[in-house]
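Enquirer: The listed protein sequences correspond, in order, to chains B and A. So the first sequence is residues 2 to 128, counted in this note's numbering. So the second sequence is residues 240 to 824, counted in this note's numbering.
Since the hints were derived computationally from the structure, they do not count as laboratory data. None of the values given here were measured: they were computed from a predicted structure. Every clue listed holds true.
Simulated crosslink set (DSSO-like; lysine-lysine; CA at most 30 Å straight-line):
1) Lys125/B with Lys48/B
2) Lys607/A with Lys48/B
3) Lys741/A with Lys781/A
4) Lys781/A with Lys582/A
5) Lys58/B with Lys582/A
6) Lys116/B with Lys629/A
7) Lys319/A with Lys527/A
8) Lys123/B with Lys72/B
9) Lys607/A with Lys58/B
10) Lys511/A with Lys402/A
11) Lys373/A with Lys349/A
12) Lys511/A with Lys333/A
13) Lys511/A with Lys358/A
14) Lys333/A with Lys319/A
15) Lys116/B with Lys607/A
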Amino acid sequence: MSTTMQILIVDDEVEFASTLVERLALRGIAARSANRGLDALALVRVKIPDVVILDLKMPDMSGLEVLASIKSIDPTIEIIILTGHGSAAAGIDGMEQGAFDYMMKPVDLTALLAKIEQAYRKRKVAA
Amino acid sequence: MKRFGQMFMQFLPIDPEKSSDEVNRGESYAHFKRMLFLIMLLIAMVPVAVTAGIGYFQYRNLLLSEEHDQLLWRLDGAQKTIDAFIGGLQSLVKFVAREDRYSALLEKDKLQLLFDRLKEQYDGFVDLGIVDAKGIQRSYVGPYDLEGRDYSNQEWFHEVLIKNVYISNVYLGFRQVPHFVIAVVETIPGTNDYWILRATINADTLQKFVATIQTKATNDMFLVNSAGQLQTSSKSYGAVLSRYDKPTNEDGVALYGESRGNSIFHASSVLKNTPWTLVLTEQDYVHKEEWASFKQRLILIFAGSTLVIVLIISPLVSILTDRIRASDEKQLSLLAEAEHSNKLASIGRLAAGVAHEINNPLAIISQKSGLIEDLLGLTPPFEYSDKMRKTLTGIQDSVVRCKNITHRLLGFARRMEVTIEEIDLNQVVREVITFLENESLHNRIQVQTILEDQLPHIRSDRGQIQQILLNITNNAIDAVVYDGIIQITTVSRSESVQIKIKDNGPGMPPAVLEHIFEPFFTTKAQGKGTGLGLSITYGLIKKLGGSIVVDSTVGEGTIFTINLPYTPPHIEESNHEHNNADTDS
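So that you can see chain B by itself, here it is in the shape it has in the complex (with noise of 0.2 Å):
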């Protein structure tokens, strides 16, 4: 895994984002976190992430439209849907307008660093 991956987790539920983001530095991996959708989106401008942890609930916008969003930051970004809230019907309209995957909430971090390792690997080939 490479250490110059940069992950951001866009997530409503702050103590989530927070574990997580401390959990992935725990095994190395850099990453931020932001709580709304715009906060999310200043973040991205800041510095472009590798992949996008993305819920599909958010306070001030939807998942998706943050996804559409980054997406038109930058179309390389890849974005995992991590949702508790949704539908499946959400997660693929998500991999319609180009996340990556979708996962279900909770999850285990095994099966997510695995996926976030293949989002990546997808967006070195692309890059």
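Fit chain A to the given chain B structure using the hints.
Expert: Chain A only, in chain B's frame:
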């Protein structure tokens, strides 16, 4: 019309929805059946009864009128005969009293001679007298001494002067023998004076004559005067001079009901130039036999029609009532089914909502405990580090259990498009049996199949049908435990293909059956099943436009009957959702 409709509605059974009581409903159908029977019977019987009634009265009137005519005809004949007889007597007396005979007949010898000759002709002559214009009997022959008797103040004397010919009523007179008088008036030649020949005739003569023209033993024929006294004897009214209580002064026929069903015709005819009326009575109808046989036939036809009507109406009413009842019951069961599936849908939505809400905190628990585990790995061992690690594993396991539940509830773990393709259900059944082979062999369970040859293919989702069959068959395997038999049958029907999965397990009581498709309902030991398998199965089948029915008898086993349509209904967007291989319930 509306009123009639309302009236009719009263006969209808109580609204089946309102009447929950099975016994009451049964009674109301029985009531409906009775009312329907009565109404139909009435509709059918009224025309029959009216026709029979009209026939009865028409035929009766016809017979009566014929009877009437016949009686009149006979009366006419009898009257003519009697007229002729009385006319004969009159003529005889008239002939004797020729105008030139007065002086000759005053001589007793000649009168005696004439009397003898008359008696030769008619035995009934009793006496003969010559009466002059002053009413004095000038000459007399007969058994009594009546010569010189003064008749001037007697009624007949005045009558004869007016009418020239006079016939008296029958009377007893001082002789105490019924007799009547014929008197004729003649003028004395060369004068304005006149004389009267008076002949007394025994009433027996009349009696005998009437008896000779009486035709039938059942008839009664007699003469009666205007005062209602019998002039000849009658079978019904007695001897001469007895009373006859019916009107006598007019011609015609009257019907007197003397006793039930035995009316008597009285035909009467006034005899001209006499004080008498001829009466003919008829006790029995001439057509009595025809009438009786007509009545018998009418009753037979009426009874026959009634029987036929009842025989037709009875089964008809039964069929109608049964049909209505069956349709009501079907409606009720459809309502109950709709209610049930609504309830299931609501429970499903609620469960999904709860699952969604739980997923987020669950994710936090999962990440937090993971973090602790991570940190624990970075910390040198301390007194409770092993215990903490175990505890964290317990938390993680519980999170996985919760995750399994919520993911199943949401019915979405694996992404998969619904793919509609042509499916041979027999093939799917064989595949599912192969999946379960190990488990069934292990439990020594026999899985039998009765698959219809050339089963029509259906268009549906293979993966989902596999899922459905796996869930139910797996439940069956759990139910029968050891040495059980599971039988899977496929059969094509008009609008669907039917799959039956039958096991000989312990079966389920109605209380369990009622809840079998509800999420979280399970009869398995705690931890062995989430109670979601059949709930998900139910949802899948509904999504594919099919139906599932469960039938179970405690001690005998359970049958799941699934009907899948040949083509699925319009698949909505939500059908992107798909279920994982959930095989417990």
